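There are 2 protein chains.
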Amino acid sequence: MIAQDAFPVDPWQVRETRLDLDLLGSAESVFALSNGHIGFRGNLDEGEPHGLPGTYLNSFYEERPLPYAEAGYGYPEVGQTVVNVTDGKIVRLFVDDEPFDVRYGTLLAHERVLDLRAGTLTRTAEWVSPAGKRIRVRSTRLVSFVQRAVAAVEYVVEAVDAGVRLTLQSELVANQAMPRTADDPRVAAVLESPLVCVEHDTTRLEGSSGATLVHRTRVSGLQMAAGMENHVHAPGRVDVETQDAEDWARTTVVCALEAGQELRLTKYLAYGWSALRSRPALRDQVAGALAGARFTGFEGLLREQREYLAEFWDAADVHVEGDAEVQQAVRFALFHVLQAGARAEQRGIPAKGLTGPGYDGHIFWDTEAYVLPVLTYTAPRAAADALRWRARTVDDARQRARELGLSGAAFPWRTIRGQESSGYWPAGTAAFHVNADIAAAVERYRVATGSLELETDGGLVVLVETARLWMSLGHHDAQGRWHVAGVTGPDEYTAVVVDNVFTNLGAAQNLLAAARACVRQPDLARSLGVTLEEQATWRDAGGAVAVPYDEDLRVHQQCEGFTRRPEWDFAANPHYPLLLHSPYFDLYRKQVVKQADLQMALFWFPDAFSAQDKARVVDYYEPRTVRDSSLSAAVQAITAAEVGHLELAHDYLYEAATVDLRDLHHNTGDGLHMASLAGTWLALVHGLGGMRDNGGTLRFDPHLPEGLTRLRFTIRWHEVKLSVDITPEEVTYAARDHGSSLTLLHAGQEVTVRSGEPVTLPVAPVHPLLPRPAQPPGRAPVHRDH
Amino acid sequence: MIAQDAFPVDPWQVRETRLDLDLLGSAESVFALSNGHIGFRGNLDEGEPHGLPGTYLNSFYEERPLPYAEAGYGYPEVGQTVVNVTDGKIVRLFVDDEPFDVRYGTLLAHERVLDLRAGTLTRTAEWVSPAGKRIRVRSTRLVSFVQRAVAAVEYVVEAVDAGVRLTLQSELVANQAMPRTADDPRVAAVLESPLVCVEHDTTRLEGSSGATLVHRTRVSGLQMAAGMENHVHAPGRVDVETQDAEDWARTTVVCALEAGQELRLTKYLAYGWSALRSRPALRDQVAGALAGARFTGFEGLLREQREYLAEFWDAADVHVEGDAEVQQAVRFALFHVLQAGARAEQRGIPAKGLTGPGYDGHIFWDTEAYVLPVLTYTAPRAAADALRWRARTVDDARQRARELGLSGAAFPWRTIRGQESSGYWPAGTAAFHVNADIAAAVERYRVATGSLELETDGGLVVLVETARLWMSLGHHDAQGRWHVAGVTGPDEYTAVVVDNVFTNLGAAQNLLAAARACVRQPDLARSLGVTLEEQATWRDAGGAVAVPYDEDLRVHQQCEGFTRRPEWDFAANPHYPLLLHSPYFDLYRKQVVKQADLQMALFWFPDAFSAQDKARVVDYYEPRTVRDSSLSAAVQAITAAEVGHLELAHDYLYEAATVDLRDLHHNTGDGLHMASLAGTWLALVHGLGGMRDNGGTLRFDPHLPEGLTRLRFTIRWHEVKLSVDITPEEVTYAARDHGSSLTLLHAGQEVTVRSGEPVTLPVAPVHPLLPRPAQPPGRAPVHRDH
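Top line first, the protein sequences correspond to chains D and G. Each residue of the first sequence is one higher than the one before, counting from 1 in the UniProt record's numbering. Each residue of the second sequence is one higher than the one before, counting from 1 in the UniProt record's numbering.
Derived from the structure by calculation, the hints contain no laboratory data. Be careful, since some hints might not be right.
[Stated by the list, open to error] Over 12 angstroms on every C-beta distance to chain G, these chain D residues come out as not near it, computed from the model:
#1 94
#2 130
#3 133
#4 577
#5 723
#6 751
#7 757
[Claimed, not checked] The following label-pair restraints were derived from C-beta to C-beta distances:
#8 D/569 x G/741: 49 to 55 angstroms
#9 D/770 x G/771: 53 to 59 angstroms
#10 D/696 x G/549: 43 to 49 angstroms
#11 D/479 x G/741: 42 to 48 angstroms
#12 G/243 x D/580: 41 to 47 angstroms
#13 G/552 x D/575: 40 to 46 angstroms
#14 D/161 x G/77: 25 to 31 angstroms
#15 G/277 x D/49: 50 to 56 angstroms
#16 D/575 x G/771: 55 to 61 angstroms
#17 D/770 x G/778: 53 to 59 angstroms
#18 D/580 x G/21: 48 to 54 angstroms
#19 D/770 x G/552: 34 to 40 angstroms
[Stated by the list, open to error] A partial selection of chain D residues facing chain G, derived with a Cβ cut-off under 8 angstroms:
#20 69
#21 78
#22 79
#23 574
#24 576
#25 739
#26 742
#27 745
These numbers were taken from a predicted model, which means no experiment stands behind them. Glycine included, each C-beta is placed from N, C-alpha and C at the ideal position.
Start from the sequences and build out the full structure, keeping to the hints where you can.
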């Protein structure tokens, strides 16, 4: 857990006031900078010490063998793993003849600040070398939102109280030695030195010195280029020299400073990669990006960055009063969600964004089910781009469906490039709900933006091919009910089941949405071979979907038979996460839930359940849900709020919000949990704000828990920026764009909001139908006291 | 498929009349010799060409890593693989200066005969060397049933029509180069050269020359010794010389023969291995065994072998009239089943015996469910020994149960030494029925032999610890029915289910048998901590076991919900075995059955089903059972016979009988299918003979299909040899031991049979309740026309 005293709560910053070497890894993730194309972990400028060095390019991966003790038909043989690419962040410093290394000498002060409005990571350090020379270092790092291929570092050293000779080494380093992460020696071998040098060059322009390194991956054959350009300002004589080699390039700066004088290095970085383009094209792309950065200048890059973010925050900010930690956390979350998706531009958004190598850098359903719902209402273009990426991979998904004996397209459970990379099918291939989640994201985009642009550009093919998949996965029984057998829902402690409710309702929605979309897009539908008869089968199946219910217990079953399974013995299994201490066979057969599953269905398909149903589901499943997944708390916050347990919703919200800031899962060092970060927003907006838009009608039913005095957020809805300002007693809806208006339901009551005419209404009373539920022993969320 | 014309049908032999190099591998398995301790594949004397060289010692294995693309708790990390040990079979021959190699020169004649009464593999070859020299070779090979550590080869070369110089090389060869079988380079590396030399010595005794090689495995650290002693007889001058090195020893014999003269080599071989004993002890053990062999002489070994087999056949032979292939096959089967178990002596009996490296040389439930039922009634001491091996591994099984969060003992799905080595848990760990199968074998031994010897020596601990396992696996529902959730039955196309009928009835029988055994053995039970209360819980659960039944379709469900699953599309999936063409996810969720499962329950638990139930089960499941496992046909023969489909029973019997002789599964080259071989006997005795002894009463209800004119078999029952002689019209029961008598049921009627007073009774009429069922398209067994 990240010590709170080193990270004081601040509404627009994440500030680290001292350096704790044990927390380096998680701080590197928290302080990661990215624009969705380039990702820099928050490594120290000098490279060491580190938790894990990390520089990533979206979708730049290496292949590795997937081994099986007993292989089976359809098991993917090739995995994909994100590559730590050429590191351009590094600026090493020597004070006289001693390296600046925080582990030696005396670190008088060290502070790092991630500024959520500036989009920069700044660092200040005051250090006395072992020989007694005192210096101050200030660095500012950014990965540009505006210039997609560009990052930059400004590094300033001041001689504090005596003259020193300073040597700076500004570097590009490829094939950094990595801490070993895989047990399998073959895998480790592949990833140990994944980059093969293609070209290395020194460049020298008037007033700057730099280099370019071009590499390709050994197996996947992708090519990348990294370039740097160094500008140096210092009083007196300065020697600047650049050398390059296969796996490194180094600009060395030497100067002598008097006390009070400064050496300033401005380092522009540019990255490019391609599976198709030639070496010269990549090299030139990097040179061009560097030229653009130089033209803009460091101050210009800072200004652009701030302007980009100001526009984002204007339409996306969430203001919270009464819980300062949640206030900070939701902005931190929105910032990182934006970083993950902003400039991905038809590449996927991985579960860790570009903040770390966790989950091999793979994209999961997290993107469509957690991240895109946030981006759809705050940065819709990024959401559409991520979905266009899915549409671009439809041929891989079609091929996978064929391999599995299915129709349509089966999108991968986990992937970088588009091919299934899951090595354990019961929790991979069988989790077909990912297809419904993708389809739902396509449909959500249309509903929220009112735009058909995505539907005609990739969206329809996704809807149609996933509908076809469902038709081949499902079957009708003798009574005409439509079932889906042999699949795994969100709860990874219950696998390969019949009629998982979340999956079934998702499939039905997918089928019905596809049918409606084909009516809207008859020509496009025809070009995909969709007949009217096929659409009719979709409507038939979608309208007849089975939703298992236990008549004796009067509660829905997460899947057929779930409530008849043996109960989990919580007392005998006190160690979490359970999957590290119990075999799947035992988890699968018992009533123990890893993460919100039926509760996810309550949230996604609110109209499929009565208020009584929802209360019963929360009551039954809460004591059986262990939250061993970071995806769970946000959804539990939403359903707790929906059934009137507002304090519990607040507790879950807090948990979702602090998964990374407090390192609750002890793996923030591998990268941030994008879904949980996004979940913070979902918990606030859908949970406390009670927002739903199923069926195309925007609905709110906000309630604040004890202690929260205000929640204000803005969403984009059909080109309108709607702000919702909630206090314990009333809520004000305002359409912020001139001349705009929209109609919504407030607590079931229709309201039209026109720009310049905010509408204030009283919050509806809360009447929970059942008492606050218990959680499994030791798994209640931390209670937010006031 | 093995060409029938090269293998003419013979009641007491398997004879190969010409050498087909494409069939070498399967012939090596068919012609394998073993005594259950040493196994020799039927490799040619000169070692090459070969399908797969193979020399095995029961339970001598190497460890290898089990890799996982995504590992999970409780997955075994270490696998066990049978090792091809030092090969002592090799006798190379040079004719003048040319090696005798059947691929060169002209092979005028080549015949091999496996003699089922002699227990030998003999070979005769007539060959003209590329230089035109004609020789005859006769070799006779045996692995002694009587002298457990001993094998021997007699090798005779005759110069046919001209003088030749002959050079013989009689060898021991360790670490033979093997065809690569594993894709995983790490695994291949481990198994490429598994033996490390510990000692190599030449021995020279009066009149003989030989050598000993001692090796140990690299990882598992087992030690083995192989010794040879060569005796040479030839006219005129003979030079004999022995050399030894780390991985080989060679006795070279050189002589010159005139036309018509013979060179005769007698080679005694001895093997020993141990995990505990010292190098000198092993070396001496081998020397001692060689001394015993020399003392007995080759003729003596042949005589002993014949006597041993005569005694076996006297009590075990099955005589079939009307189907010569089945006649041959059942004797072939009994011979190999005997070879697999005869002298295993508290080691396991692998699924392939010691005939090949298939399934890594692992032991599965095949042993207890197929092989031991045959041995129990024909060679009961071997059955008891195999079960004592299980009892000896109970501590490993207890530890595995702890690992899985269970009580009692969880015996491994696959293993050599006793530890679970399964790398795919849904078809490994989850197949808990193996525990009920082992318990059933213990109980069967007591019922059939009337002896409590095994029960007090390991049997009770097996019954008690498996009963405890079931109590921790099962649970009661609100109505008091006892269920078992999350397990896999015999059908590997349906996994991780609730209430698999075979498993449930097996568990119930296990619980009840354990409770009764504890009443018989109160002191022993107390020493295992069994209380009267614990026994009561066993009886309660065992008496309340759930057996799912579909009221609408009026048929039992193989497991809960089975008959409600989607149907398999046989037309769309014409390629078998299905598991090579379809993913588990699709197989698991549909009504497609790999192998007899519910039909196995009909056979094992005949009293749990009415005649109507049985007819319905066969009718419903036959069209859904694809027989992708060699374990299936025998059981389907038995149930077909039971419900009156005698021709179908005959067809299935024929399939079970010829799985290896006709290489029906295209993998006989990896080793023989012991379970299917044993199944031939089961199909004849339990199927056509209608034998059951559930509840301790021996019952018969024999019927012969059209075409079979006689079936006569002998079983041992309570120390009595009972022969049953069946014709289409009547059956004669005879107690063959002087002064003995026993009571049995014939077609439900009680009969007492006294020695010297055979009882002849009419066969009961057959009335099938339903028509002959169909099988999946293309999967009907070959019909036995008459």
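Results of checking the hints against the structure:
Listed as a non-interface residue, residue 94 of chain D keeps its Cβ farther than 12 angstroms from every Cβ of chain G; the least gap is roughly 44 angstroms. For residue 130 of chain D, the shortest C-beta to C-beta distance to chain G comes to about 45 angstroms, beyond the 12 angstroms cut-off, and the non-interface label holds. Separation of residue 133 of chain D from chain G is adequate, the least Cβ-Cβ distance of about 50 angstroms exceeding the 12 angstroms criterion. For residue 577 of chain D, the non-interface assignment is contradicted: its Cβ lies about 10 angstroms from the closest Cβ of chain G, within the 12 angstroms cut-off.
No Cβ of chain G approaches the Cβ of residue 723 of chain D within 12 angstroms, the least distance being about 44 angstroms, so the stated non-interface status holds. Distance to chain G confirms residue 751 of chain D as a non-interface residue, since its nearest Cβ pair spans about 47 angstroms, more than 12 angstroms. With a closest Cβ-Cβ approach of about 55 angstroms to chain G, residue 757 of chain D is found to remain outside the 12 angstroms limit, as its non-interface label requires. Between residue 569 of chain D and residue 741 of chain G the beta carbons are some 54 angstroms apart, a value that agrees with the proposed interval 49 to 55 angstroms.
Roughly 56 angstroms separates the CB atoms of residue 770 of chain D and residue 771 of chain G, a value that falls within the hinted 53 to 59 angstroms. Checking the proposed 43 to 49 angstroms range against residue 696 of chain D and residue 549 of chain G shows it holds: the Cβ atoms sit about 47 angstroms from each other. In this structure, residue 479 of chain D and residue 741 of chain G break the distance hint of 42 to 48 angstroms, their C-beta atoms being roughly 60 angstroms apart. Range check, residue 243 of chain G to residue 580 of chain D: about 56 angstroms between beta-carbon atoms, so the 41 to 47 angstroms window is missed.
Taking the beta carbon of each, residue 552 of chain G and residue 575 of chain D are about 45 angstroms apart, inside 40 to 46 angstroms as hinted. Take residue 161 of chain D and residue 77 of chain G: their Cβ atoms lie about 58 angstroms apart, and the range 25 to 31 angstroms is violated. In this structure the hint that residue 277 of chain G and residue 49 of chain D lie 50 to 56 angstroms apart at CB holds, the actual value being about 53 angstroms. Separation of residue 575 of chain D from residue 771 of chain G is about 57 angstroms and conforms to the stated range, judged on CB atoms against 55 to 61 angstroms.
Between residue 770 of chain D and residue 778 of chain G the C-beta distance comes to about 57 angstroms, which sits within the given range of 53 to 59 angstroms. A beta carbon spacing of about 53 angstroms between residue 580 of chain D and residue 21 of chain G agrees with the range 48 to 54 angstroms that was offered as a hint. Roughly 36 angstroms separates the CB atoms of residue 770 of chain D and residue 552 of chain G, a value that falls within the hinted 34 to 40 angstroms. At a threshold of 8 angstroms, the smallest CB-CB gap from residue 69 of chain D to chain G is about 2 angstroms, leaving the interface hint in force.
With a cut of 8 angstroms, the hint placing residue 78 of chain D at the interface with chain G is violated, because the nearest CB-to-CB distance is about 10 angstroms. Taking 8 angstroms as the C-beta cut-off, the interface hint given for residue 79 of chain D holds, the closest approach to chain G being about 7 angstroms. Among the interface hints, the one on residue 574 of chain D is violated; its C-beta lies about 12 angstroms from the nearest C-beta in chain G, farther than the 8 angstroms criterion. For residue 576 of chain D, the interface hint is violated, since its Cβ never comes within 8 angstroms of a Cβ in chain G; the closest pair sits about 13 angstroms apart.
For residue 739 of chain D, the shortest C-beta to C-beta distance to chain G is roughly 53 angstroms, which exceeds 8 angstroms, and the interface hint is violated. With its C-beta approaching chain G no nearer than about 44 angstroms, residue 742 of chain D sits outside the 8 angstroms limit, and its interface hint is violated. Hint status for residue 745 of chain D: violated, given a least beta-carbon distance of 40 angstroms to chain G, over 8 angstroms.
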